[in-house]
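Can you build the whole structure from these sequences, using the hints too?
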Amino acid sequence: MYTQESTRAAARGLIDAIPDVVEEFRCPICKKASASYDSLRRHYDECHQEDIPPMMVALTLNGRHTELLVPQHWSLQRALQFKLGLTGAKHMCDKGVCGSCTVIIDGSPALSCTTLVVECHGKDILTVEGIAADATWKPLVDAYCRWDAMQCGYCTPGFLVTAKALLDRNPNPTIEECNEALAGNICICGTYPRHATAIVEAALKIAEDSQAKGGAA
Amino acid sequence: MRPFSHANAQTVHEASVQLSSGNAKAIAGGTDLLGTLKDNLLPIYPDKVVNLKAIKNLDYVKQEQSLLRIGSLTKLSAISEHPVIKEKYSALSQAAGSVATPHIRNMATIGGNLAQLPRCWYFRKADNRFNCIRKGGEECFAILGDNRYHSIFGGSRCADTPCMSQCPAGTNIPAYLEEIRKDNWDKAAEIFLSAHPFPMITGRVCAHFCQSACNRHQTDEGVLTGGVERALGDYILENSDKFYKKPTKETNKSVAVVGSGPAGLTAAYFLRRAGNKVTVYERMDCAGGMLRYAIPAYRLPKDIVEKIISILENMGIEFVLGHDFANGITPEKLEKEYDGVCYATGAWKRPIVGISGEELTVFGLDFLVEVRKWMDGKVGEEVLVVGGGNVAMDVAVTAKRLGARKVTLACVEPRERMPASSEEIARAEAEGIVIMPSWGPSKVIENNGVLNGMELKRCVSVVGDDGTFNPQYDENEQLVVSAQNILLAIGQRVDLSFLGDKYHLQLNERGLIDVDADSQRTSRPGVFAAGDATTGPATVVSAVSNGKKAADGLCLHLGISTQQDNPGGCASVTVDANGITCTTSLKLRELDINKRTLETEDSQTPGVQEAEKEAKRCLNCGCYAVSPSDIAPALIALNAQIVTHERTINAEDFFNAGVMTSTTLGFDEIITEIIIPALPDGAKSVFKKMALRKSIDFPIINFAIVTGSEPRISLGAVAPHPLRAMEAEQVLRGKTLDEKLAGQVGEAAVRDATPFESTKYKVQILKTLIKRALLELA
Ligand SMILES: Cc1cc2nc3c(=O)[nH]c(=O)nc-3n(C[C@H](O)[C@H](O)[C@H](O)COP(=O)(O)OP(=O)(O)OC[C@H]3O[C@@H](n4cnc5c(N)ncnc54)[C@H](O)[C@@H]3O)c2cc1C
Ligand code: SF4
Ligand code: SF4
Ligand code: FES
Ligand code: FES
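As they're listed, the protein sequences go chains A and B.
Heads up: the first sequence begins at 1 in our numbering, then just goes up one per residue.
Heads up: the second sequence begins at 1 in our numbering, then just goes up one per residue.
Hints may be right or wrong, so weigh each one.
The following label-pair restraints were derived from C-beta to C-beta distances [unchecked claim]: (1) A:S36 x B:N23: 48 to 56 angstroms; (2) B:G467 x A:E24: 55 to 63 angstroms; (3) A:Q49 x B:E757: 53 to 61 angstroms.
Treat the hints as calculated values from the structure; they're not laboratory data.
Heads up, the beta-carbon is just placed ideally off N, CA and C, and yes, glycines get one too.
Here it is, written out as structure tokens:
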């Protein structure tokens, strides 16, 4: 059975499993192993001049430094799903229309399907797994559950990430501000009216929690 | 997405160098570009994507003196929220805030927004499955399809429409049809005559390649361009004084044209039009060549040809008839006495097929020339015509109308490759002529010099591997057709014996006058040639086409400028929204089969109204896509300038590009900055957008207005490129805004709109929104 605790632990587990550094420099074409990225590039120069070599990208993902070896034309969404095992940023319209793939890049919500992973070098990225693993955001998840702000749930990670980015910027949003911030997330099940309510409620709870924390400290 | 390599440019210079080498695309926010790559929309998929975001110092909003400067990499979210922009340039902040979604505004840059591609969803169809005009295809699906996101102020013309590209004379067909729609026949005539002097002829006898190519065939029935052309031709003929004038200036150069068929007459016309003294030498007793002698009167009445000759005489062209070069005027002499010579002597000579009994047959062209000789049943009961071209059809139909009971036509080509036009084949079959494709002549059946018929053999292929005419037969499959007369309507040859042995003119391997394809120049300086003498037996319109080329070539040689302007040029194109919904084409009124004769025309010229109705069916094939940018109209209204690493362009001119591109940007040109001047004192600005959903959707309508002493109104996504509504600005200028004036400005802004039936609502909404926006500012 899934509980918030088990889900949080699972998310933590996924994040912990993200590799720090790339250890295997295997040629995707002929499968030959190289000792380093430089020697993989030399291998391309020698054997695959017509082909485009993968790139090394280093970024901070959900608070962890990570490096990955990726094809140059891959989107961030694809790299998250297929290189790093994070499936929270959903593959949906793949054209920037629906918001299901939303992640937070350097503080603002952005679409991972319409971002090239090679352009994320040096960036700080937060995905829904990072939010799920962080107990600070339990009130947001609680509010989403209490208000049933989802049906099939496919769009929900995108909404949640957008909501988190909003609360970072504006800890006390109005219903209108919530709706405006979520204007780039589409839900085919039609759960729209619930989200703003959930977010406003979560905002109050988070403020309470932090006051309590502040009070305790 | 398919693979590409990715490079971070550190400087603008580096980016432009990267873009100029090979096939690369710039990426800024990527919100447009990556979509186009995923859907594989670009004509050529880039092998490299050059990232501009790594360039430093292009992400800024700053005020310097009275100018606002915005770096091209500034995000739309930053622009919409910027306090100075919000306060002083509200149209821009409203426009930026209206784009797409908050997520996209966080990623998208102002530079990328200006350079984005249109959002026509036929164009955006993944993997180019619809090859619309903008993608290099031939048809625009939006004209008869869903055009909600399209222009209501006309479309933009592509280089060549299918009809135009098929017309050998290059007549600007959609342009003259557009004038006819507007009931402006004089302008239509002017457009036509600038390419081709004789629509009254080709309107009747041309194979109308334009008509077969017409895009409307793909939806219902093609536009009967030939019929409209004929109506225009007859209008021109009736008002010939207006259209065929003596040149206003004489050049004092003289030219001789030899031959007065369509090529010679066309050359003579354009040479005279340019101001030269023109003399036409003709071998026969009447001018007109094939038009006069070969094409039967039931297709082209002789009085039309005669009228054309007298029109040309009135223009000052001199005709010397019965000239056969035996009277001392030799080619050498022509060359000496005239500043230029053009040979257009056609293809009149009988070929030798090499079958036994050939001398008993009659050459088809001679038959047509001497048709009177064959009256009174002399043609016989049964006639066999050999040949599959238009001349053969004319010969067969003429024989039938002369009284032959049974006319059979045999040709080596299979039916689908017969050179005759489908119209002429249909005419022949309608009169009961039996067509036998894939049969070639074997031998004449005779009895003591009396012809009884012909043995035919099965033809199995017509052209050899090298593409030349080389028929192959199955000698075992034979058949005899009985006939009292055999008319050989095949392969008229070019006869240049009149040039004599000493006059050397370069001929090609086919025995035709060798000419330069662009200028029709021959091997002798100042000597040009056109028509069948240079091509072998072809068509009237091809003779017209190279007759004009020869005239232009000769003028160039003589240092005379010809009128090169192209009336009806490249402006935006419009359709008749109601007219295009008509799915059936004009049909010519024709005489009943049993009433047809040799002398009266089989069909009638359509009336003015019929022609106008048909012209209204023309889709005016252009692209009706718009720039979807919400930023564009705001920048135009704010009188902004777009700075690239090479130049500074007024926002107004930036989008004014042809159909294949959306902006005037070069492929390696990079937008670096947007500069907006301060608004005049007291002026305010506003941007409005109507979309299906408030968020995400592209504009169905957008516009921006700046008020004050110099008001500016720009309509965005409703025209092929964002427009200034100049007339509306004029209405607004210098007056105090009230409800009445606001309404008048709205009216003026939409005055030139030409919506489709299904987008008329856009005109109404645009008008109303403009009024409301103005009242908000009042
Ligand atoms: C779902 C969706 C909805 C949208 N809705 C709207 C809308 O309502 N209104 C609207 O106006 N737009 C809309 N857009 C389009 C979007 O605003 C533009 O795609 C965006 O502004 C482009 O900016 P970018 O930086 O992402 O451009 P990119 O995608 O990076 O580039 C677009 C094009 O511009 C070229 N380019 C980029 N920067 C430069 C430069 N500095 N100099 C020269 N060329 C350059 C690129 O080579 C490319 O061809 C929408 C897009 C999406 C995906
Ligand atoms: S409007 Fe333009 S882009 Fe759209 S289908 Fe027509 S030609 Fe293509
Ligand atoms: S619809 Fe008009 S412009 Fe298009 S091919 Fe036909 S005649 Fe030409
Ligand atoms: S999947 Fe990225 S916006 Fe829809
Ligand atoms: S909950 Fe199903 S798509 Fe939003």
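Hint check:
Between A:S36 and B:N23 the beta carbons are some 31 angstroms apart, a value that contradicts the proposed interval 48 to 56 angstroms. Checked against the hint of 55 to 63 angstroms, the C-beta distance between B:G467 and A:E24 comes to roughly 58 angstroms, which is consistent with it. Between A:Q49 and B:E757 the CB atoms are about 57 angstroms apart, so this pair conforms to the stated range of 53 to 61 angstroms.
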